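*Asks:* The residues making up each chain are set out below.
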Amino acid sequence: MKIFIKNATIVNSDKTIQSNILIDGENIAKITDEILEADEVIDATGKFVVPGLIDMHVHFRDPGYEYKDDINSGSEAAVAGGVTTALPMANTNPVNDNAVITRDMIAKAKARGLIDLLPIGAITKKLGGEGITEMGDMTQAGAVAFSDDGLPVSSSDVMRAALEYSNHFGSFVISHCEDCSMCRTGVMHEGKVSAILGLKGMPREKEEIMVSRDMLLAKLTGGHIHIAHVSSAWSLKMIEMAKKEGINVTCEATPHHFTFTDENLMSYDTNFKMSPPLREVSDKEAVRNALKSGLVDVIATDHAPHLDDEKFVEFDKAPFGIIGLQTLVPLSLKLVEEGVISLERMVELTSTNPARILKLNNKGRIKEGYLADIAIIDPNLEYIYDAKLNKSKSINSPLFGKKLKGAAVMTIKSGKIVWNFPNLLI
Amino acid sequence: MSYKHKDLLGTRELSRDEILFFLDSAKEFKNLNNQSIKKSDNLRGKTVINAFFENSTRTRISFETAAKRLGADAINFSAAQSSTKKGETLIDTIRNMEAMKTDIFVVRHECSGSAEFIAKNTDASIVNGGDGLNEHPTQALLDLFTIRENKGKFEGLNVAIIGDIEHSRVARSNIWAMHKLGINVRLFAPPMMMPHRVEVFECEVAKTMEEALDGVDVIMMLRIQLERQGGAVAFPSGREYSKFFGLNKNRVKLANPNPLIFHPGPINRGVEINSDVADGEHSFVLNQVENGVAVRMAVLDILNKNRG
Numbered sequence: 001m002k003i004f005i006k007n008a009t010i011v012n013s014d015k016t017i018q019s020n021i022l023i024d025g026e027n028i029a030k031i032t033d034e035i036l037e038a039d040e041v042i043d044a045t046g047k048f049v050v051p052g053l054i055d056m057h058v059h060f061r062d063p064g065y066e067y068k069d070d071i072n073s074g075s076e077a078a079v080a081g082g083v084t085t086a087l088p089m090a091n092t093n094p095v096n097d098n099a100v101i102t103r104d105m106i107a108k109a110k111a112r113g114l115i116d117l118l119p120i121g122a123i124t125k126k127l128g129g130e131g132i133t134e135m136g137d138m139t140q141a142g143a144v145a146f147s148d149d150g151l152p153v154s155s156s157d158v159m160r161a162a163l164e165y166s167n168h169f170g171s172f173v174i175s176h177c178e179d180c181s182m183c184r185t186g187v188m189h190e191g192k193v194s195a196i197l198g199l200k201g202m203p204r205e206k207e208e209i210m211v212s213r214d215m216l217l218a219k220l221t222g223g224h225i226h227i228a229h230v231s232s233a234w235s236l237k238m239i240e241m242a243k244k245e246g247i248n249v250t251c252e253a254t255p256h257h258f259t260f261t262d263e264n265l266m267s268y269d270t271n272f273k274m275s276p277p278l279r280e281v282s283d284k285e286a287v288r289n290a291l292k293s294g295l296v297d298v299i300a301t302d303h304a305p306h307l308d309d310e311k312f313v314e315f316d317k318a319p320f321g322i323i324g325l326q327t328l329v330p331l332s333l334k335l336v337e338e339g340v341i342s343l344e345r346m347v348e349l350t351s352t353n354p355a356r357i358l359k360l361n362n363k364g365r366i367k368e369g370y371l372a373d374i375a376i377i378d379p380n381l382e383y384i385y386d387a388k389l390n391k392s393k394s395i396n397s398p399l400f401g402k403k404l405k406g407a408a409v410m411t412i413k414s415g416k417i418v419w420n421f422p423n424l425l426i
Numbered sequence: 427m428s429y430k431h432k433d434l435l436g437t438r439e440l441s442r443d444e445i446l447f448f449l450d451s452a453k454e455f456k457n458l459n460n461q462s463i464k465k466s467d468n469l470r471g472k473t474v475i476n477a478f479f480e481n482s483t484r485t486r487i488s489f490e491t492a493a494k495r496l497g498a499d500a501i502n503f504s505a506a507q508s509s510t511k512k513g514e515t516l517i518d519t520i521r522n523m524e525a526m527k528t529d530i531f532v533v534r535h536e537c538s539g540s541a542e543f544i545a546k547n548t549d550a551s552i553v554n555g556g557d558g559l560n561e562h563p564t565q566a567l568l569d570l571f572t573i574r575e576n577k578g579k580f581e582g583l584n585v586a587i588i589g590d591i592e593h594s595r596v597a598r599s600n601i602w603a604m605h606k607l608g609i610n611v612r613l614f615a616p617p618m619m620m621p622h623r624v625e626v627f628e629c630e631v632a633k634t635m636e637e638a639l640d641g642v643d644v645i646m647m648l649r650i651q652l653e654r655q656g657g658a659v660a661f662p663s664g665r666e667y668s669k670f671f672g673l674n675k676n677r678v679k680l681a682n683p684n685p686l687i688f689h690p691g692p693i694n695r696g697v698e699i700n701s702d703v704a705d706g707e708h709s710f711v712l713n714q715v716e717n718g719v720a721v722r723m724a725v726l727d728i729l730n731k732n733r734g
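Going down the list, the protein sequences come from chains A and B.
If you use our numbering, the first sequence corresponds to residues 1 to 426, in order.
If you use our numbering, the second sequence corresponds to residues 427 to 734, in order.
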């Protein structure tokens with residue numbers, strides 16, 4: 001099967017060119033000014049053709065919580081958002097803390113055939129914070145990194161072992177930085193808004209203390225630590241310092257942390273409840289500046305589906321998290337539109353850098369010989385993000401039912417068209 | 427002036443004139459409460475449910491008394507003996523009770539924002555009877571009623587709010603309302619009981635009990651809300667609290683002559699406030715309770731009229 005994409009504005013992290021692309025089988029066969037024969041011809045006039053997005057932080061809830069999302073619905077939501085590779089976290093039930101679960105997750109995703117699913121294994125057995133998992137066996141099975149995510153490892157000694165051991169197998173640790181001894185039933189950022197609303201706050205320092213610890217442990221071990229969903233200005237300062245010191249650290253920011261602030265919680269809307277919480281304008285600006293400066297390596301969604309019923313409760317009782325796969329492109333494009341980052345930098349953050357960090361040598365670029373994982377993005381398409389478009393089983397997004405601009409109108413995975421925006425002929 | 431809204435969720439949204447409208451209306455009901463037959467027909471045939479998802483004695487009885495004196499059928503709901511214990515959601519519980527043609531719910535809940543959450547999802551009127559750390563508007567109104575009754579004015583008065591401000595919905599509702607009435611509010615608390623960004627309340631913040639009490643007309647002592655502190659570092663001891671943050675006879679002398687001493691109850695005697703002060707000549711704790719009924723009658727009456 002050959003696909004020919006003509007009149008493409010091809011955006012790579014280093015440059016943007018006007019050209020045509022021939023896909024032959026699974027790979028990008030040719031980037032050319034010529035017009036070539038193919039089984040299917042796509043006219044991409046006015047669209048951006050970018051490497052398939054790689055989301056390093058999602059929750060597909062499979063196994064165990066399939067009513068929120070499963071690997072099938074998660075895969076569908078991914079490709080509808082232009083994402084062709086996704087890394088689901090290990091907080092499933094049973095926990096992805098052994099090679100059997102890892103293999104099963106990969107097999108399910110392969111059977112659906114929409115994305116490459118690269119599981120993140122648990123750092124500790126059953127996310128219990130104590131004994132570390134069989135990281136070697138899990139790496140062989142296909143786990144690409146290790147994280148206890150929402151149940152951060154509180155023992156510095158366990159975290160040290162995790163960094164050393166994962167590094168031995170060429171892998172790394174993803175840290176949800178949170179000093180849980182300071183939790184005190186916090187449900188939002190501790191600041192002016194929490195004071196006004198009478199909601200228990202979570203101080204920035206709860207995150208920053210752990211970032212600081214993890215930087216030091218990475219220094220000690222030489223292991224690679226990836227800081228998930230950075231939300232505070234001081235966390236970024238410490239990451240910057242660590243990077244300057246040559247410590248092996250990378251980090252990610254989420255679209256919600258560079259788009260919203262705690263002010264959005266004034267109506268107690270549980271769709272703005274997330275962990276780490278939405279912080280203040282100064283933190284949002286720090287994240288945006290770090291995206292601009294190159295300090296942040298990756299944009300990841302932390303796609304966290306929860307059933308509507310679970311969010312339709314008292315604010316204190318609602319679970320943390322929102323879905324994000326299908327709003328990744330419009331929110332990232334908004335950064336471009338607002339002049340915070342360039343289009344090339346957006347590609348770097350959403351595809352090239354994740355591929356580099358994950359050592360995926362045939363992804364993250366539109367390049368001859370690379371895998372034909374491609375998202376075709378219409379930056380000007382305006383639409384309502386509603387039930388007709390949503391592919392997740394959950395709707396827990398503050399953007400649900402809202403008008404958005406910019407979308408992946410076609411997604412190609414390994415040379416196969418896996419997503420077409422409804423009612424669009426491109 | 428009048429009040430035209432379906433619900434009373436907090437004082438933060440109330441205007442100065444709306445506050446005064448509630449207080450003026452409460453004055454009439456206080457007169458009624460002082461008669462031998464304390465009954466009106468204003469809510470005859472109406473159903474008021476006290477939906478209390480959190481324990482309470484005085485607020486529930488106060489609302490129940492208010493509703494009954496207005497002629498309503500007042501029903502008490504307690505979460506401890508309800509289907510919420512079987513896992514029913516808050517909104518399902520409320521909607522079931524609403525289906526029984528309830529006109530007004532008085533809601534008390536441990537979670538901030540829950541009264542607003544219910545108000546958005548029901549056609550019945552909602553009175554916030556205290557939600558989490560957020561607001562307790564009728565407590566603020568009864569405090570203001572008691573202040574006006576005894577000081578004859580609001581403008582220029584100095585009020586000290588002392589104690590566990592971080593966990594106090596009473597403090598929040600009073601602060602929002604008092605600012606609108608021209609009252610100067612001073613705050614004092616142990617550091618771990620003071621909101622992290624206290625400047626948002628635009629109040630003076632005292633450093634010592636002596637500074638807090640200097641020249642004030644009203645001393646509002648708050649209860650230590652241990653049950654709301656979510657495992658926070660506990661205060662070292664009641665003895666230590668009493669020594670540095672408690673109210674005693676000598677400290678009362680620092681205030682202006684004839685200060686009003688308030689406490690929303692229940693009192694931790696000997697900790698927040700010594701018994702000789704709690705029961706002394708300047709204590710208005712029981713006046714607060716008395717005025718609470720009148721204020722709540724006014725609130726129920728006004729919301730009922732708004733329902734048409």
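Because the hints were derived from the structure by calculation, they are not lab data.
Quick caveat: nothing in here was measured; it's all calculated off a predicted structure.
Just so you know, even glycine gets a beta-carbon here, dropped at the ideal spot from N, CA and C.
Hints should not be assumed to be uniformly reliable.
Unchecked claim - Straight-line C-alpha distance at most 20 angstroms; calculated EDC-like pairs for lysine to aspartate or glutamate:
#	chain 1	residue 1	chain 2	residue 2
1	A	Lys-192	B	Asp-518
2	A	Lys-317	B	Glu-480
3	A	Lys-317	B	Glu-625
4	B	Lys-456	B	Glu-439
5	B	Lys-465	B	Glu-666
6	B	Lys-512	A	Glu-310
7	A	Lys-292	A	Glu-310
8	B	Lys-512	A	Asp-309
Said to hold, decoys possible - Anything over 10 angstroms on all C-beta distances counts as not near chain B; from chain A, calculated:
#	residue
9	Glu-190
10	Leu-197
11	Asp-316
12	Ala-387
Unchecked claim - Covered by chain A, according to a simulated footprint, are these stretches of chain B (three or more residues, beta-carbon under 8 angstroms):
#	region
13	533 to 545
14	665 to 671
*Asks:* For each hint, tell me whether it holds in the structure or not.
*Replies:* Going down the list of hints, with the structure as the test:
1. The suggested pairing of Lys-192 of chain A with Asp-518 of chain B is violated, with an alpha-carbon distance near 32 angstroms, which exceeds 20 angstroms.
2. Taking the CA atoms of Lys-317 of chain A and Glu-480 of chain B, the gap is near 15 angstroms; set against the 20 angstroms cutoff, the hint holds.
3. Straight-line distance between C-alpha atoms of Lys-317 of chain A and Glu-625 of chain B comes to about 28 angstroms, which puts the hinted pair past the 20 angstroms bound.
4. Of the pairs offered as hints, the one joining Lys-456 of chain B and Glu-439 of chain B is violated, with about 25 angstroms between alpha carbons and a cut-off of 20 angstroms exceeded.
5. Restraint check for Lys-465 of chain B and Glu-666 of chain B: not satisfied, since their Cα atoms lie roughly 47 angstroms apart, outside the 20 angstroms limit.
6. Between Lys-512 of chain B and Glu-310 of chain A the alpha-carbon distance is near 16 angstroms, which keeps this suggested pair within the 20 angstroms criterion.
7. For a cut-off of 20 angstroms, the pair hint linking Lys-292 of chain A to Glu-310 of chain A is broken: about 36 angstroms separates their Cα positions.
8. Distance check on the hinted pair: Lys-512 of chain B and Asp-309 of chain A sit about 16 angstroms apart at the alpha-carbon level, within 20 angstroms; holds.
9. Listed as a non-interface residue, Glu-190 of chain A fails to keep its Cβ farther than 10 angstroms from every Cβ of chain B; the least gap is roughly 5 angstroms.
10. With a least CB separation of 6 angstroms from chain B, Leu-197 of chain A falls inside the 10 angstroms interface cut-off, contrary to its annotation.
11. At roughly 4 angstroms, the least C-beta separation between Asp-316 of chain A and chain B is not larger than 10 angstroms, which violates its mark as non-interface.
12. With a closest Cβ-Cβ approach of about 20 angstroms to chain B, Ala-387 of chain A is found to remain outside the 10 angstroms limit, as its non-interface label requires.
13. For a cut-off of 8 angstroms, the count of residues in the region 533 to 545 of chain B with a CB near a CB of chain A stands at 8, and the three-residue condition holds.
14. Using a Cβ-Cβ cut-off of 8 angstroms, 0 residues of the region 665 to 671 of chain B lie near chain A, which falls short of the minimum of three, so the contact claim is violated.
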